[in-house]
Structures are given as C-alpha cells and as structure tokens.
Amino acid sequence: MSSLDLGLIGNCTLGVLIDERAEMVWGCLPRFDGDPFFCSLLRERRDTDDFGFFAIDVIDFARAEQQYLENTAVLVTRLYDQHGGCIEVTDFAPRFHQHGRIFRPMMLMRKMKRLAGSPRITLRLRPSCSYGSQRPGVTWGSNHVRYVTPDLAVRLTTDASITAVLQETTFFLEDNLTFLFGPDETVPNAVDKLGQHFLEETTHYWRQWVSTLSIPFEWQDAVIRAAITLKLNTYEDTGAIIAAMTTSVPEAPNSMRNWDYRYCWLRDSYFVVNALNRLGETHAMERYIAYIVNVAAAATNGLQPVYGIDERARLEEREVPELPGYRLMGPVRVGNDAYDQRQN
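Each residue of the sequence shown is one higher than the one before, counting from -19 in the working numbering.
Hints listed in this document are in silico derivations from the structure and should not be mistaken for laboratory results. Hints are supplied without guarantee of correctness; some may be wrong.
What the hints assert, rightly or not - In silico lysine to aspartate or glutamate, EDC-like type, Cα no more than 20 angstroms apart, as pairs:
#1 93 - 172
#2 93 - 154
#3 93 - 40
#4 173 - 68
#5 93 - 24
Computed from a prediction, not measured in an experiment: that's the story for all the values here.
Turn these sequences into a full structure, and let the hints guide you.
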C-alpha cells in the first residue's frame, strides 16, 4: 500500500515523487501541471500489467535506506537484499548555472551502482500518458528508448541493456548505470559522463544556494530542507508557485475532497515568498511579482484566487475515471473550479 512518505526531486520546471524503495510514483511532463508520466501514486500496483511507474525490484529484497545528499535536492536510496547485496540509486533533476543562466531542462536523471555483494535486479519502467488511461508508444535504438505520447515524445538514453529495460529481464548489477529522461534529442556525450557531470554541477548549485541563505541557529537542517522544498515548488519560467506537486490526494480518508493543487493560489504563494524572503532568498519574490503583474494586467474583473502556472485564468475541472485515486479513494480531478470562486 502506497505511503505519502515520499522524496521529492525537481528543478523548478518539473518534480517527481519517489517512495522509500526508489519507485518513481508521480511526475508530470513537461512541467508541474502536465500529463503524469508516472502516476502509480493514484493507482496501486495490483497486477503484473499495471503501469505508471519506474521501479527497481531487488530479488530477495530485505530493506531500504533513503536520504538527501546534504543541502541538496539530490535523493539517494540504498536497497539491500537478504544476501548482503546492496545497490545505490541516485535521483535528481539537473539544475545549475550554465552560459550565464540557469539550466533547468525537462530532464530527470537516475544513477545506479553496486555497493556490495551480487545483487540481482529487475527494472520495471512503465510510464503512462493521458492521465493513466494508456501507455505511450515505444520505439528504440541501440542506447535509447522513445516514449511517444499524444502531446510529447520523451527519450530515455541509457547505458543499461535495452533488452533489460523493454523486456524486464532480471540481471546481476555489476556496472554503474545511468538513465537520462529528457527531450527527444540525441545526447551529445557518453551518458555516464554526462550524468556524473550533471550530478556534480547540480550538487554544487544547491549547496551554493543554501550557503546564501540566512539560516537561524536552531533547527538548521529542518529549515534548510523546508527551504529547498519550497524552492522546488516554484515554476521559475513564469514565477508561479504551486500549492503542491500532486492532484487528488485526499484531504481526509474517503472525504471526496480531492483537489488538483498544481496551480498558483495568490494568497498562499505570498506566504511561501515571505518565508523564503526571510531567509534571504529574494529571487523567488522577484519572479512572483512579475507573475502577479502579468496576471493583473490580463484580469478584466478583478483577481481570481488561483491561476495556472502559465498565467491562464480558466482551470475547468473534470474527473479522470481511469485513475481510481490514492488508496482507491477517488475521484481524481484535473483542473480546479476554485478559479471561479470567491475565497476569503
């Protein structure tokens, strides 16, 4: 049964939620409010044909450990088997300074390596599209797999066996493996070297960003983690700040209060900006002001409570019957009719 004790990776363009066993359970592309590429958070894995996730099944699994690299948005999971074997999975979304600007592509990276023993694993990469109603079309080459959805083509570039990815064959993990999800473009360098470079640059970026914050003496670790999490919920392209990465996680069990929070509530975003501002992070405030100015300029009948991250005003709400909901507690909704409400 899925838990909400999840790790978050992102780069202020997209975000992915990862459970304690390194399964990617939720993530939308090409941005926060896009079609979920991973959606198993809202649909339990009940049979062998289910999809909407990227899981690493360790044969004779024993236990897992998970933590962030200190002061970063890089998530590290260690999976142990019953025979002393261990693998380490490192997940992140690239974000760093490049050519005088922030590089924050529609890209996810996963690195795997063996730490001990002879672990055997099965890769189960089964993305979804059209809000969990179908699987993408698949084509492949010698070192890549293309996942083609009605609106987007995503390319996985990897040095893992393509057969192991497509046919889910079990194998001994001996070498380091890199998985790069991104636009349908050829990667210019060897994927392992590119992945290591992106990891080092992303780690450096987050630690440099944290070093600029005015952190109080008490509860430093908690404050830093909260600051990074708030930062990851900003959509830097427009300055919008989303209420949450997800849609339709119930407010209370079987309450039917399942709402799509992947939008920008103007009032709530103020508190995020204020919290980051008190830590000395002013860039989010500057981008949010730009967002508000653009929203206000287009408003004809006063400001709404909530807008899309692309500044659109209409967020028509609908239900998605193909997804049964978190722990089967539907409905799953896309859009939010709060845009047409008065909220005090």
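Cross-check of the supplied hints:
1. A threshold of 20 angstroms between alpha carbons decides the hint, and for residue 93 with residue 172 the separation of about 11 angstroms falls inside it, so the pair holds.
2. For the given pair, residue 93 sits about 8 angstroms from residue 154 by alpha-carbon distance, which is consistent with the 20 angstroms threshold.
3. As the CA atoms of residue 93 and residue 40 are separated by approximately 18 angstroms, the hinted pair is consistent with the 20 angstroms bound.
4. At roughly 18 angstroms between alpha-carbon atoms, residue 173 and residue 68 fall within 20 angstroms of each other, so this suggested pair holds.
5. Taken as a hint, the residue 93 and residue 24 pair is broken in the structure, with Cα atoms around 28 angstroms apart against an allowance of 20 angstroms.
This entry does not satisfy hint 5, going by the numbered hints stated previously; all others are met.
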